[in-house]
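Whole structure, please, built from the sequences with the hints as guidance.
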Amino acid sequence: MRQQGVEANDVTFLCLLKACDSEGFLKEGKLIHNCILQSSFANHIMVGNSIICMYAKCGCLKYALRVFDELPKQNIVTWNAMIHAYGQHGFGHEAFQLFEQMQRHGVNPSQITFASVLKATSHINALKEGQLIHSKIVMLGSEWDAFMVSALIDMYTGCGNIEDALCIFRNSCKHELVTWSAMISGLVHQFHYEEAFMLYQDMLQEDVEPNGVTFVCILKACSALGLLDLGRCIHMFTALSRLESIIEVGNTLIDMYTKTGKIVDALIVFEKMPEKDVISWNAMMYGCTEHNLNAEALLLFSKMQCQGKQFTIVTFLSALRACSDPLFIEWGRLIHFSLVLDCHEADLVIGRTLIDMYARCQSFDDAVMVFHSLSSQNDASWSAIVVACIHCSHIDLALYYFSLMLQQGYSLNKVLFVSLLSACSQKGMADEAFHYFSMMESMYGIIPVLEHYCCVVDTLGRMGSIVEAEDLLKTSPCEMNHTTCAYLLNHCKTYCNVGAEHIYFDNLNFLDHMHVSCYALLPDMQTCWKM
56 MRQQGVEAND
66 VTFLCLLKAC
76 DSEGFLKEGK
86 LIHNCILQSS
96 FANHIMVGNS
106 IICMYAKCGC
116 LKYALRVFDE
126 LPKQNIVTWN
136 AMIHAYGQHG
146 FGHEAFQLFE
156 QMQRHGVNPS
166 QITFASVLKA
176 TSHINALKEG
186 QLIHSKIVML
196 GSEWDAFMVS
206 ALIDMYTGCG
216 NIEDALCIFR
226 NSCKHELVTW
236 SAMISGLVHQ
246 FHYEEAFMLY
256 QDMLQEDVEP
266 NGVTFVCILK
276 ACSALGLLDL
286 GRCIHMFTAL
296 SRLESIIEVG
306 NTLIDMYTKT
316 GKIVDALIVF
326 EKMPEKDVIS
336 WNAMMYGCTE
346 HNLNAEALLL
356 FSKMQCQGKQ
366 FTIVTFLSAL
376 RACSDPLFIE
386 WGRLIHFSLV
396 LDCHEADLVI
406 GRTLIDMYAR
416 CQSFDDAVMV
426 FHSLSSQNDA
436 SWSAIVVACI
446 HCSHIDLALY
456 YFSLMLQQGY
466 SLNKVLFVSL
476 LSACSQKGMA
486 DEAFHYFSMM
496 ESMYGIIPVL
506 EHYCCVVDTL
516 GRMGSIVEAE
526 DLLKTSPCEM
536 NHTTCAYLLN
546 HCKTYCNVGA
556 EHIYFDNLNF
566 LDHMHVSCYA
576 LLPDMQTCWK
586 M
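If you read the sequence shown in the working numbering, its first letter stands for residue 56, the second for the next number, and so on.
Keep in mind that a hint or two might mislead.
[As the list claims (entries may be wrong)] Dumping the calculated EDC-like pairs for lysine to aspartate or glutamate here, alpha-carbon to alpha-carbon at most 20 Å:
| # | residue 1 | residue 2 |
| --- | --- | --- |
| 1 | Lys358 | Asp397 |
| 2 | Lys174 | Glu155 |
| 3 | Lys275 | Asp320 |
| 4 | Lys331 | Glu303 |
| 5 | Lys229 | Glu261 |
| 6 | Lys275 | Glu264 |
| 7 | Lys314 | Glu351 |
| 8 | Lys183 | Asp219 |
| 9 | Lys469 | Asp421 |
| 10 | Lys358 | Asp411 |
| 11 | Lys364 | Asp320 |
| 12 | Lys191 | Asp219 |
| 13 | Lys117 | Glu83 |
| 14 | Lys183 | Glu218 |
[As the list claims (entries may be wrong)] Ranges between beta-carbon positions, derived for each pair:
| # | residue 1 | residue 2 | range |
| --- | --- | --- | --- |
| 15 | Val333 | Gln256 | 33 to 43 Å |
| 16 | Gln93 | Asp420 | 51 to 61 Å |
| 17 | Ser165 | Gln365 | 52 to 62 Å |
| 18 | Gln156 | Glu261 | 36 to 46 Å |
| 19 | Leu232 | Ala74 | 27 to 37 Å |
| 20 | Arg225 | Met194 | 18 to 28 Å |
| 21 | Gly161 | Gly464 | 46 to 56 Å |
| 22 | Arg225 | Gln365 | 36 to 46 Å |
Simulated from the structure, these hints should not be mistaken for lab results.
The structure displayed is predicted, hence computed values, not measured ones.
Backbone N, C-alpha and C fix where the C-beta goes; we use that ideal spot for every residue, glycine too.
In structure tokens form, the structure reads like this:
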């Protein structure tokens, strides 16, 4: 068009800006913006509004704000675009401040303004600001249509105020699909699953046909409560309603089936989806790794690559977890190389997962190399290298890294202490085990749980200190389980402590349904009893 000497007009620029309003087209959007600045449309209000929307959708909020400030005049659409942009990027307080500023400039909010600012406040749990907006809606006498009601419901449920949300829903003149979906979505978001199911039933009784949003919410509730049979029924309804092909519905079905252990059903849903986004691929890969189908997860990763799909950090994390087996270490190295090329290696979550992968593959030198190559470290990366050392039987090095971690003031957690105490147990380091066990609560406020007691009991048992192990269990607030009893039975067998054997065998009978490993000890126990 430009080569033929045809000048662009406002409609041309509006269409071009619309074509650039996604993250992958920021560069092109900037070029269009430069062309506009050199034209007679630089101060055109409709074009300016479109530039704000384009930058906001491309994730470039500072440019959107600059355009907003430089416009000689703003109309209601301009204010709405900027408020929406703030809300879109999680800047709820700034959205509310702009909402207030807009009114000081004598511009009355529209329904779109109210909906945008209510959504922005719900994202940051700003209930007080949301209530002020609600009072403003009442004061201005704005029309209470389904759009406004659903925006208020979203705000109150987003801020955790279910009671007020239900009050608004029940007092609305007419319940439309959008308000039903908003209320059900809010209940599910706040984990009120049973109330969501009841509302869903009410909705069906009033002959309101669910949409994709409704089905997604109810399927999430089924997944959270493990209600597989109900989930299958909802799945059938989505198929009958021809909503199964919606990407969000498909993704939620995959999530539900993987979480309820039905990985084959998840794969069937995945294969039947006519269109898949990166969330679909990530959900399916994650489901495979959760069920130890590592080869299948890596096959999905390979298909993504062949189809030119864009990888996210979540994609790489699932792929690396699938490589946490010596059989797939070469895959892991290739993915690691891809991460280096894409400059993702420095990401702390990626770094921690790489350390864990190499440790599980017994490639300890690679795990250490990754740790030291991180540009910065946090609690998780330090914990990962300590656990990696323990996993690869480098106990002394693990204790060295742990001491460095303490010196540098990093936070500790329960999982790290389980690994440390387990390492002490393997090495028979009773003094160190007691030292770490006592420091948990006294120095770091971490209350020991059964796993920690099991590790210390095992350490004492390995040394033949059965009485001390028994005394420790008596002081424990945790109830004895099969694991602790089995530990002690095993060590009683080793040291032929007949009296204690009877006590822990009785405990196992009391616990009912002994684990098969405990029965394996019976012949040796009987030998001790006869001595």
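Here is how each hint holds up against the structure:
A threshold of 20 Å between alpha carbons decides the hint, and for Lys358 with Asp397 the separation of about 19 Å falls inside it, so the pair holds. Between Lys174 and Glu155 the CA atoms are separated by roughly 15 Å; this keeps the pair inside 20 Å, and the hint holds. At roughly 16 Å between alpha-carbon atoms, Lys275 and Asp320 fall within 20 Å of each other, so this suggested pair holds. Between Lys331 and Glu303, the direct Cα distance comes to roughly 9 Å. Compliance with the 20 Å bound is thereby established for this hinted pair.
The suggested pairing of Lys229 with Glu261 holds, with an alpha-carbon distance near 11 Å, which does not exceed 20 Å. For the given pair, Lys275 sits about 18 Å from Glu264 by alpha-carbon distance, which is consistent with the 20 Å threshold. About 17 Å separates the Cα atoms of Lys314 and Glu351, which keeps this hinted pair within 20 Å; it holds. For the suggested pair Lys183 and Asp219, the alpha carbons sit about 13 Å apart, so the restraint of at most 20 Å is met.
Only pairs whose Cα atoms come within 20 Å are accepted, and Lys469 paired with Asp421 is rejected, the gap being roughly 26 Å. Of the pairs offered as hints, the one joining Lys358 and Asp411 is violated, with about 25 Å between alpha carbons and a cut-off of 20 Å exceeded. For a cut-off of 20 Å, the pair hint linking Lys364 to Asp320 is broken: about 23 Å separates their Cα positions. With a CA separation close to 16 Å, the supplied pair Lys191 and Asp219 stays within the 20 Å bound.
Among the hinted pairs, Lys117 with Glu83 is consistent with the structure: their alpha-carbon atoms are about 17 Å apart, no more than 20 Å. With a C-alpha separation of about 15 Å, the suggested pairing of Lys183 with Glu218 holds against the 20 Å cut-off. Under the hint 33 to 43 Å, the C-beta atoms of Val333 and Gln256, about 34 Å apart, fit the expected range. Gln93 and Asp420 have their C-beta atoms about 58 Å apart, which keeps the hinted 51 to 61 Å range intact.
Between Ser165 and Gln365 the C-beta distance comes to about 36 Å, which lies outside the given range of 52 to 62 Å. At about 42 Å, the CB distance of Gln156 to Glu261 agrees with the hint of 36 to 46 Å. For Leu232 and Ala74, the hinted distance range of 27 to 37 Å is satisfied, since their beta carbons lie about 31 Å from each other. Range check, Arg225 to Met194: about 22 Å between beta-carbon atoms, so the 18 to 28 Å window is met.
Checking the proposed 46 to 56 Å range against Gly161 and Gly464 shows it holds: the Cβ atoms sit about 53 Å from each other. Between Arg225 and Gln365 the C-beta distance comes to about 44 Å, which sits within the given range of 36 to 46 Å.
The structure fails hints 9, 10, 11 and 17 (numbered hints given earlier, in ascending order).
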